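Number of protein chains: 2
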Amino acid sequence: MSGDGTVGKAMDVLDQVASFGRPVRFATLLSVSPYPKATLYRFLQTLTRQRLLEYDPDQQTYAVGLRLVRLAHAAWSQSSLAPLARDHLDRLSAQIGLTVHLAQLDNGQVLYVDKRNAAQPVDMFSQAGKVGPAYCTGVGKAMLAFLQEDEQARLLTQQSYHAFTAHTLATPAALKAELDAIAARGHAYDREEHEPGIICIAVPILTDAGRVLGGLSITGATQMTEMAALEALVPQLKATARDIADDGAAWRFPGQEPLQQTGT
Amino acid sequence: MSGDGTVGKAMDVLDQVASFGRPVRFATLLSVSPYPKATLYRFLQTLTRQRLLEYDPDQQTYAVGLRLVRLAHAAWSQSSLAPLARDHLDRLSAQIGLTVHLAQLDNGQVLYVDKRNAAQPVDMFSQAGKVGPAYCTGVGKAMLAFLQEDEQARLLTQQSYHAFTAHTLATPAALKAELDAIAARGHAYDREEHEPGIICIAVPILTDAGRVLGGLSITGATQMTEMAALEALVPQLKATARDIADDGAAWRFPGQEPLQQTGT
DNA sequence: AACATAGTTCCAAATAATGGAACCTGAACA
DNA sequence: TGTTCAGGTTCCATTATTTGGAACTATGTT
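Residue numbers (my numbering), protein chains in the order written: chain A, 1045 to 1308; chain B, 1045 to 1308.
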C-alpha cells in the first residue's frame, strides 16, 4: 500500500488492525494481509512490544494500543487547529445553539478535530478523531474548493465516490462543478448528501495567503431547520473562521524555537 | 531506548518530536537525537511520508501528524474503557456534580481516557489522552495497589518519584506502604500529592478475577471541598466502578469474531 | 565575495527483514 | 489413549534495507 520501508509496512499492519474496529485474531489478520505468516507475526510482535498494539492473551486478539492515545494528544494539541480555535468555537456555539464542527484535511479525507454540541456535553474522541468523506460533507467540500488546482485535482481522483444518499455528488465531474460554485460563493452546502435528514453549511478557514487550514460547519436536521436559516448564519460562521485564521497567523507557536543547543 | 528493529527506532524519533510539544527544526532534533544526521534525516522523511509527522516547509519544522489522531480514535474506541464507561460516568457526574476522571495504566503511567467536568463542557483531548504520574495521583495509586505483586514491584521501580508538593510520597518504600493501606481499605486518597489545593478520592475498576482494568476518581479543590465530603461519595464511586467492570465482563466485544475467511 | 549554517544526497559496509519450512501446542475427535 | 488438525511460533540462509561518514547544495551572514 504505502510501501516505503519497514516503517511503512508496519503502519499498514497497524492500520489493518485499526480498520477492524475490534480486537482481531492472528488468523483473521493473516487472511487479509499481503504478508506471509512469519512476517506478519513478527510485525505484530514488534508493534505489541512498542505498545502500538495490545495483545489479549486470553482471547488471543490484537487491538490498537493506548500509546497511540498519548501520541494523539500531542498531535491534537500541536498540529491541529483545535486548541487555537477553542474559544472561538465556544463563542459561536453559544451564539447559535447548533452543532458546530471543526475539521481538517488529512490525506484527502475530512478529519474532525473538534465539535460543539449545543444539547449534550461533548462526545470526546467519539467525534474528534473521526474521519469522513471529503466529497459529500459540507466541510470537506468547503476545504476542497479552496485548494490549489493541482492539489485539488489530485485529491479529486482519490475520493471513493460512494453515493450515500440520492443527493450525493458521486462523480468527479459533478463534484468539480460544485467546488467551483463554492469557490465563487465562498461557502458550501451539504444538502443531505452524506446522511438523509442532515444538512449543513460550511466555510473554509484560510490564511491571508489563501492556504486552506481547515473548515468550519454548522449542522442541522431537516426536521428542525431550513437551509435558509443556516444560510443566515453564514456571516457569523465566516467571522469565526476569519478569527481562527488570524489567531493562527499571529500565534504561529509561542516562542517559536528556543536558543540553539550546541552541545551533544 | 526501545531499540527493537527499525520500527522501534522510528517510534523513538516520533516520541522525541512529540515530547517537544511544539514544532521543531531538524537541527534541534539532531542535537538531542542519538542518531547521525543522515539517519535522523531519513527517519523524519519516512515518518512524514507516513503522515505520522507533519513538515511545515515555511518554518522548516516537524510536528506530530494528524494520522495519529485517526489511529487514536480507533484505539480509544476499541482498547479503552471509555465507550463502555460512558453512560456510567454521565450518571455519576450528574449525581455528584464534581469532576470525575476515568484512567488506565499505560506503561506505568496514568493515562486519562475520559473525564466529566460538572461546570463547563468537556476539555476533549486536552484531558483525554493526557498522562500523569501513577505514584502521586489518586487513580494511579488505586490501580497500582491492586496489581499483582510482581507487576506492582516492576512498576514501582520505574516511577520517577518527583516531589511535586510537600505531601508527595517520593520514595518506593513510602509508596509501597501506602499501596498496602489502599489495598486493605479499598480506595485511595490524593491529599495534595500532585497539585497543591487539589484532593481526590479514587477506586480501581476490577474484573471478577481481580485484574485491574482502570481507575475512577472524584476530584475536589481544598477551598471548596473537604476530604470527608469526598469520602462520603465512596459508595457511589465503588458502585460505578462495579457497574463498569460488569459491563466489561458482559460485553467483551460484541459478536467477538466473525466466521473465518478461508480464501486469500 | 567569502563564509558559515542548515539541510540533502551518495554509496559501500553493516544490519535487519524476509519467508519457506519445520516445529510446537492445545483442542476435537475417534 | 492415540490421531489429526488448525492456529501459532521459531529457525536460518537469503535478500533487501538501513546505516552513517563524507561530500555536496542551498540559503542566509559578515
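By construction, these hints were calculated from the structure, which means they are not laboratory data. Incorrect hints may appear among the rest.
[Stated by the list, open to error] Only pairs whose alpha carbons sit at most 20 Å apart, straight line, appear in this in silico PhoX-like list of lysine-lysine:
id, chain 1, residue 1, chain 2, residue 2
1, B, K1220, B, K1174
2, A, K1081, A, K1053
3, B, K1053, A, K1053
4, B, K1174, A, K1174
[What the hints assert, rightly or not] Partial list, computed: chain B residues near chain A (C-beta under 8 Å):
id, residue
5, Q1060
6, A1062
7, R1093
8, N1151
9, G1152
10, L1213
11, L1250
What you are looking at is a predicted structure, and each value in this text was computed from that prediction instead of being measured. Backbone N, C-alpha and C fix where the C-beta goes; we use that ideal spot for every residue, glycine too.
Cut-off 8 Å, beta-carbon criterion: hint that L1213 (chain B) touches chain A: violated (24 Å)
Does N1151 (chain B) hold up as a contact with chain A if the rule is Cβ-Cβ below 8 Å? holds (6 Å)
Does K1081 (chain A) pair with K1053 (chain A) here, judged by a C-alpha cut-off of 20 Å? Since the Cα atoms of K1081 (chain A) and K1053 (chain A) sit roughly 14 Å apart, the hinted pair holds (cutoff 20 Å).
20 Å Cα cutoff - pair K1220 (chain B), K1174 (chain B): violated (25 Å)
Interface hint status, Q1060 (chain B) versus chain A (Cβ within 8 Å): violated (11 Å)
Please verify that hint: L1250 (chain B), Cβ, nearest Cβ of chain A, below 8 Å or not. violated (16 Å)
Given a cut of 8 Å on the nearest C-beta pair, is the interface hint for R1093 (chain B) held or broken against chain A? holds (6 Å)
Does K1053 (chain A) lie within 20 Å of K1053 (chain B) when you go C-alpha to C-alpha? holds (15 Å)
So, as I understand it, the hint says A1062 (chain B) touches chain A; can you test that by seeing if any CB pair is closer than 8 Å? Interface hint status for A1062 (chain B): holds (4 Å vs cutoff 8 Å).
Regarding the pair K1174 (chain B) and K1174 (chain A), is the alpha-carbon distance no greater than 20 Å? Judged against 20 Å, a Cα distance of about 19 Å means the pair holds.
Should the interface hint for G1152 (chain B) be scored as holding, given a Cβ-Cβ cut-off of 8 Å against chain A? Not OK, violated: G1152 (chain B) not within 8 Å of chain A, min 11 Å.
Violated hints, in rising order: 1, 5, 9, 10 and 11; the structure is consistent with all others.
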